[in-house]
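One line per chain: the protein sequences are G and Y, in this order.
In short: position in the first sequence from 1, add 337, done, that's our numbering.
In short: position in the second sequence from 1, add 430, done, that's our numbering.
Simulated from the structure, these hints should not be mistaken for laboratory data.
Misleading hints may appear alongside valid ones.
To be verified - Here are the simulated DSS-like pairs of lysine-lysine, each with C-alpha atoms no more than 25 Å apart in a straight line:
no.	chain 1	residue 1	chain 2	residue 2
1	G	K355	G	K406
2	Y	K433	G	K394
3	G	K406	Y	K532
4	Y	K433	G	K408
5	Y	K500	G	K394
6	G	K402	Y	K532
Single-letter residue listing:
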Amino acid sequence: EAQVTQNPRYLITVTGKKLTVTCSQNMNHEYMSWYRQDPGLGLRQIYYSMNVEVTDKGDVPEGYKVSRKEKRNFPLILESPSPNQTSLYFCASSIGTALEAFFGQGTRLTVV
Amino acid sequence: AQKVTQAQTEISVVEKEDVTLDCVYETRDTTYYLFWYKQPPSGELVFLIRRNSFDEQNEISGRYSWNFQKSTSSFNFTITASQVVDSAVYFCALSFTSGTYKYIFGTGTRLKVLA
Chain G
338 EAQVTQNPRY
348 LITVTGKKLT
358 VTCSQNMNHE
368 YMSWYRQDPG
378 LGLRQIYYSM
388 NVEVTDKGDV
398 PEGYKVSRKE
408 KRNFPLILES
418 PSPNQTSLYF
428 CASSIGTALE
438 AFFGQGTRLT
448 VV
Chain Y
431 AQKVTQAQTE
441 ISVVEKEDVT
451 LDCVYETRDT
461 TYYLFWYKQP
471 PSGELVFLIR
481 RNSFDEQNEI
491 SGRYSWNFQK
501 STSSFNFTIT
511 ASQVVDSAVY
521 FCALSFTSGT
531 YKYIFGTGTR
541 LKVLA
């Protein structure tokens, strides 16, 4: 089954404790991206990747890191999480930006 | 500036009413792509439709229809004879294949269909 898998689905952590949210797709898609969803703000793109070893900032990259060492994986790293990073996060993949994105199930992150 | 505006934060309708969700976009690019996604209460994001900037044909899929007008930079979504299962947050999005490779989403419209 074609899918984008994010883990974990739910995470509560403390300020400053490094964490990684994993994202994996099995569709051989070139393009992957991370979004955060906040009430009233919709979906905002954090980082995207056009291909292996090619990443670029979206609209809200501060406080996040990503890597794309393999085509299927695109982890989101929060080196020192802060409470303002409490949000619902989505990973997505697509063949390219001209085509529709497939989204993971979301990760609800709470930073206390 | 590249931007997507969904001015309607929340809409409530009674079942069987028709409803139109507005989407206005801004870009100076001549080539771009527009999308609509649905986020039901369960939280997943589901693709509904894609349009490229050179295709202004309206599209109908069952009770759903989309009206793309470059002259007004709008890509509106109409649900005919709404049903309770249509209750969701709907997002409009804009993307490009040159210059910037971002996806830009609107803030979403929450549709509540009351029985």
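Tested hints:
For a cut-off of 25 Å, the pair hint linking G/K355 to G/K406 stands: about 20 Å separates their Cα positions. As the CA atoms of Y/K433 and G/K394 are separated by approximately 17 Å, the hinted pair is consistent with the 25 Å bound. Of the pairs offered as hints, the one joining G/K406 and Y/K532 holds, with about 20 Å between alpha carbons and a cut-off of 25 Å not exceeded. A C-alpha spacing of about 29 Å is found between Y/K433 and G/K408, which places the hinted pair above 25 Å, so the restraint is violated.
Using a Cα cut-off of 25 Å, the hinted pair Y/K500 and G/K394 is violated, with the two alpha carbons roughly 28 Å apart. Note on G/K402 and Y/K532: the hinted pairing holds, with a Cα-Cα distance of about 17 Å set against a maximum of 25 Å.
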